[in-house]
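> Given these sequences and hints, build the entire structure.
Spelled out from the first residue to the last, the chains are:
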Amino acid sequence: MVSRVRIAAWLLAVPTLVFFLVLVVYPMASLYVVSLFKWEILLPIRRFIGIDNYVALFGDARFLYSLRFTTTLVAVAMLLELLVGLILAQILNSVSFRGKGLVVAAIFLPMTISPTVVGYTWRMIFNPMYGFVNSMLSAFFLYPIDIEWFSDPFWSLLMIVSADFWQWMPFIFIAAYAGLSSLPSEPYEAAVIDGASSLQIFARVQLPQLKGVIIATVLLRAMDAFKVFDYILLTTAGGPGYATESLSYFIYRTVFKITNLGYSSAASVIYLWVATLFIILFYRVMRERMA
Amino acid sequence: MRSRITRIVKSIIVAVLLGAALAFAMLPFFWMISTSFKPPVEWSASPAVWIPRELYWQNYMEMWTAGGNTALLNTVVIGFASSLTATLVGSLCGYGISRFRTGGSSLLFLILSIRLLPAAAIIVPIVMLYSYYNLIDTWLGLTLLYVLSSLPFTVYLMKTYFDGIPRDLEEAAQVDGCSLIQALVRVALPVTIAGLIVCFLFAIVLSWNELFFAVTLTRSQAYTIPVKLAGWYNSNTGNFWGPQAAQAIVSIAPIVLVASLAQRWIVKGLTLGAVK
Numbered sequence: 001m002v003s004r005v006r007i008a009a010w011l012l013a014v015p016t017l018v019f020f021l022v023l024v025v026y027p028m029a030s031l032y033v034v035s036l037f038k039w040e041i042l043l044p045i046r047r048f049i050g051i052d053n054y055v056a057l058f059g060d061a062r063f064l065y066s067l068r069f070t071t072t073l074v075a076v077a078m079l080l081e082l083l084v085g086l087i088l089a090q091i092l093n094s095v096s097f098r099g100k101g102l103v104v105a106a107i108f109l110p111m112t113i114s115p116t117v118v119g120y121t122w123r124m125i126f127n128p129m130y131g132f133v134n135s136m137l138s139a140f141f142l143y144p145i146d147i148e149w150f151s152d153p154f155w156s157l158l159m160i161v162s163a164d165f166w167q168w169m170p171f172i173f174i175a176a177y178a179g180l181s182s183l184p185s186e187p188y189e190a191a192v193i194d195g196a197s198s199l200q201i202f203a204r205v206q207l208p209q210l211k212g213v214i215i216a217t218v219l220l221r222a223m224d225a226f227k228v229f230d231y232i233l234l235t236t237a238g239g240p241g242y243a244t245e246s247l248s249y250f251i252y253r254t255v256f257k258i259t260n261l262g263y264s265s266a267a268s269v270i271y272l273w274v275a276t277l278f279i280i281l282f283y284r285v286m287r288e289r290m291a
Numbered sequence: 001m002r003s004r005i006t007r008i009v010k011s012i013i014v015a016v017l018l019g020a021a022l023a024f025a026m027l028p029f030f031w032m033i034s035t036s037f038k039p040p041v042e043w044s045a046s047p048a049v050w051i052p053r054e055l056y057w058q059n060y061m062e063m064w065t066a067g068g069n070t071a072l073l074n075t076v077v078i079g080f081a082s083s084l085t086a087t088l089v090g091s092l093c094g095y096g097i098s099r100f101r102t103g104g105s106s107l108l109f110l111i112l113s114i115r116l117l118p119a120a121a122i123i124v125p126i127v128m129l130y131s132y133y134n135l136i137d138t139w140l141g142l143t144l145l146y147v148l149s150s151l152p153f154t155v156y157l158m159k160t161y162f163d164g165i166p167r168d169l170e171e172a173a174q175v176d177g178c179s180l181i182q183a184l185v186r187v188a189l190p191v192t193i194a195g196l197i198v199c200f201l202f203a204i205v206l207s208w209n210e211l212f213f214a215v216t217l218t219r220s221q222a223y224t225i226p227v228k229l230a231g232w233y234n235s236n237t238g239n240f241w242g243p244q245a246a247q248a249i250v251s252i253a254p255i256v257l258v259a260s261l262a263q264r265w266i267v268k269g270l271t272l273g274a275v276k
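Chains as they are written, first to last, in my numbering: chain S, 1 to 291; chain L, 1 to 276.
Hints are not guaranteed to be accurate.
[Said to hold, decoys possible] Residues from chain S that face chain L, not an exhaustive set, calculated with beta carbons under 7 Å:
| id | residue |
| --- | --- |
| 1 | 16 |
| 2 | 72 |
| 3 | 76 |
| 4 | 91 |
| 5 | 110 |
| 6 | 117 |
| 7 | 121 |
[Unchecked claim] If the Cβ cut is set under 7 Å, some of the chain L residues that face chain S in the computed set are:
| id | residue |
| --- | --- |
| 8 | 32 |
| 9 | 47 |
| 10 | 48 |
| 11 | 52 |
| 12 | 113 |
| 13 | 118 |
| 14 | 120 |
| 15 | 121 |
| 16 | 126 |
| 17 | 133 |
| 18 | 252 |
| 19 | 255 |
| 20 | 257 |
| 21 | 261 |
| 22 | 262 |
To be clear, the hints were calculated from the coordinates, so they are not data collected in a lab. Only a predicted model underlies this, so the values are computations on that prediction, with no experimental measurement involved. Virtual Cβ for every residue (Gly too), placed ideally from N, Cα, C.
Okay, here's the thing in structure tokens:
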């Protein structure tokens, strides 16, 4: 009887597991196999070449660059998003006024729309001729600013970071805001009575209590930022040259441009390892929080 | 007296900062809407025109006839098919995990890890698999992948939903001779209708917005709105800001609607419960 219930319980998970096996486990397993072959799409060539694809990959300046570019982008974006998200959450948490819910909803809105739309909008507003970003910067700094957002690697990176920032800073903000407003008020009140300044209270009392939420959110955010693709396809398409190619974009390009699937597979395997690292970190954090 | 002045200065600073944050968040939306109504003379004007002189609906017409109609149809079909399937499959699995702790904590973690898996990392074998089974550029092909992408959320959400429901009712039903599935369908599911709706909405937003799988796995038939949006620009023809903006509006309008209905839940879904 007990075993029949147990079988029935597992049957409930079967459809989910089928999706998981066919679309995750099987692809992952085949990646490892194919990455050891010279596997041509157009020609009937399937030759075992051991780790040659990996050797070639780590000699490929473009691949190494994409790893470095993605890491830089994630680091810069996380720093900015965390900083501004926390400050904004602290400001909104410390004041109360009518229509506050509406403000939160407005800040939240960018998160919900397609990153493709964000990429398109960024291509439009950063355009040196038809966009308004340069003229707004000029008006702000009272100095004619004429940045070539699409042909200078540094400014292109910043433009993509700003797209990520616009869409996902709200993510950190919402997490921190929800965290702040759910903190118990006693430590806060005690600190106020002891005469601590609001900055001290934030840094010494509230921030330590938020640590768990913040780490979990930033990790999740970092993993998503690492996948960056949509903004790049819609704004610079990896250019100038390959100056804004992320790891996702590199693999996307190989799918269409490179005929040796073994090579693309090897790059994907490396990507999987990076992702696994994030996943392990994330679970350690979540496990502590759930326990 | 002095503390009063500090207070006023403080609230002015806060108001300015919040105003800036709001303007920053809203400006791109304004620009999209504005551009979608600009005639070519205005969308290609330099310096940029902020507000079109009159509403130029031609952009929407052009977008619609140039494939916007097919893109909308594809996105709706794929969205509904994948969201319904993900909700169904996810609630079965969530029920099992909630009631029988199927797979301990590892099964749940395994399913949640799909959320973190980069699409690009598995795209090569997916392309190989799909080419072999002729799933490239089909509704079914994208639908299957969007079900997979929505499952972490639907399983997790339905599990927490079922956790909150006392199991006495189902046990009573089973004593009365209902099978496990009957107890689930007749007793537990009706109570969690809100959870099912949230799952469905979340899944549809996910499929509606997704680009990577769509752009790699569709060609000239099953393309979705994001693919079409990306396709408006190419280096040979240059920019078509107007019709492209109209396409962007079609992409965001329903999402903004859904988001305003289910903001709290979407946050929960996006953060996988990292935020309680």
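> Under the constraints set out in the numbered hints, which ones does this structure not fulfil?
Result: hints 2, 3, 11, 17, 20, 21 and 22 break, sorted rising.
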